[in-house]
Amino acid sequence: MKVKYAAQVFSRSVYLAMQAFIAFNELLPTAVDAAEFVERMDDLFDTVNSSCVRIRERKMRHAMSPSTAHVQFLNSCFSWFQSWKFESGSQPRTIRGWQVTVRAIVLLWAELQASFGFQFLLTRNLNQDLLENLFGIVRQQHGCNETPNAYQFAAGLKHIVVGKLFKLSDNSNCEQDKSVLLTELKRLLSDVAGQGQSQSTASTSLDVPEHLSETDLPSLDVLEANIVCYVSGYLVHTFLKSKACDSCRQLLKSPSQDLASSNQVFMMFKAVEIEGRTLGNLAVPTEMAFHHVARLEQLFSVAINDVAHKEWVS
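In terms of the UniProt record's numbering, the sequence shown opens at residue 1 and continues consecutively.
You can trust all of the hints, since none of them are fake.
Straight-line C-alpha distance at most 25 angstroms; calculated PhoX-like pairs for lysine-lysine:
hint	residue 1	residue 2
1	K4	K85
2	K241	K253
3	K85	K2
Simulated from the structure, these hints should not be mistaken for lab results.
Can you make the complete structure from the sequences, with help from the hints?
As structure tokens, this is what we get:
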């Protein structure tokens, strides 16, 4: 499994989902320890991959500064790593690697403040993904030659700077970075290709069942209902951001921010704490919106097996 996908397991959403499973007795109470481990790893990944200056939520993905708790958190993680025990006979290098990374960030931050007057540090700029992405794209220029010489590397780099014709490989272990070149011939080529693709797509139709009776639809259990309720709220929030319509708001968004049903437990865990509002800043869907999205999900679950193999379905 790629690291960028494996790391997504250690996310706040997984932590909150585990808390919901525990609340519904789908997991034993002892699973709290595993959930807390996931939460702490999520905070750690956010700390070493911060990309914004301002604090926008309670996560730790914002920049390190003298007023944030990043240094204290990293110091606590250093001793936490020492307590890790693995069932295998030998301890993997992961422990030592994390300790070196954490200590290096703490020492670098102290040096940047003392010697250069840094006010904040975006730790994402310290990782090697940007270089790894660049070398990966250059390598694509030379086909099977994985070890180009200096002349070949320079020629490939110049070609990329001029045209940027190649995207990051699908087999890459890194996420796309946000670096943008001034000249992108790729954009021009994709626009031309997109016109021809849209014409061929327009003439393609799918044999999707037009109607399914209620008896054909699987019922949602309480955990699935919690997921559908959260997704429904997200869809409502996204829609209302672009459509300032009072009637739509009344039909789709519930005015209540208090826990009203067992379908909203995951939303309660997920919400940012706001005094007097159990569900925080999340958009709570109305019963009508929830049931509509639930039906769409049920229809999708039934129909996808019949059309997933067809062209233009992704």
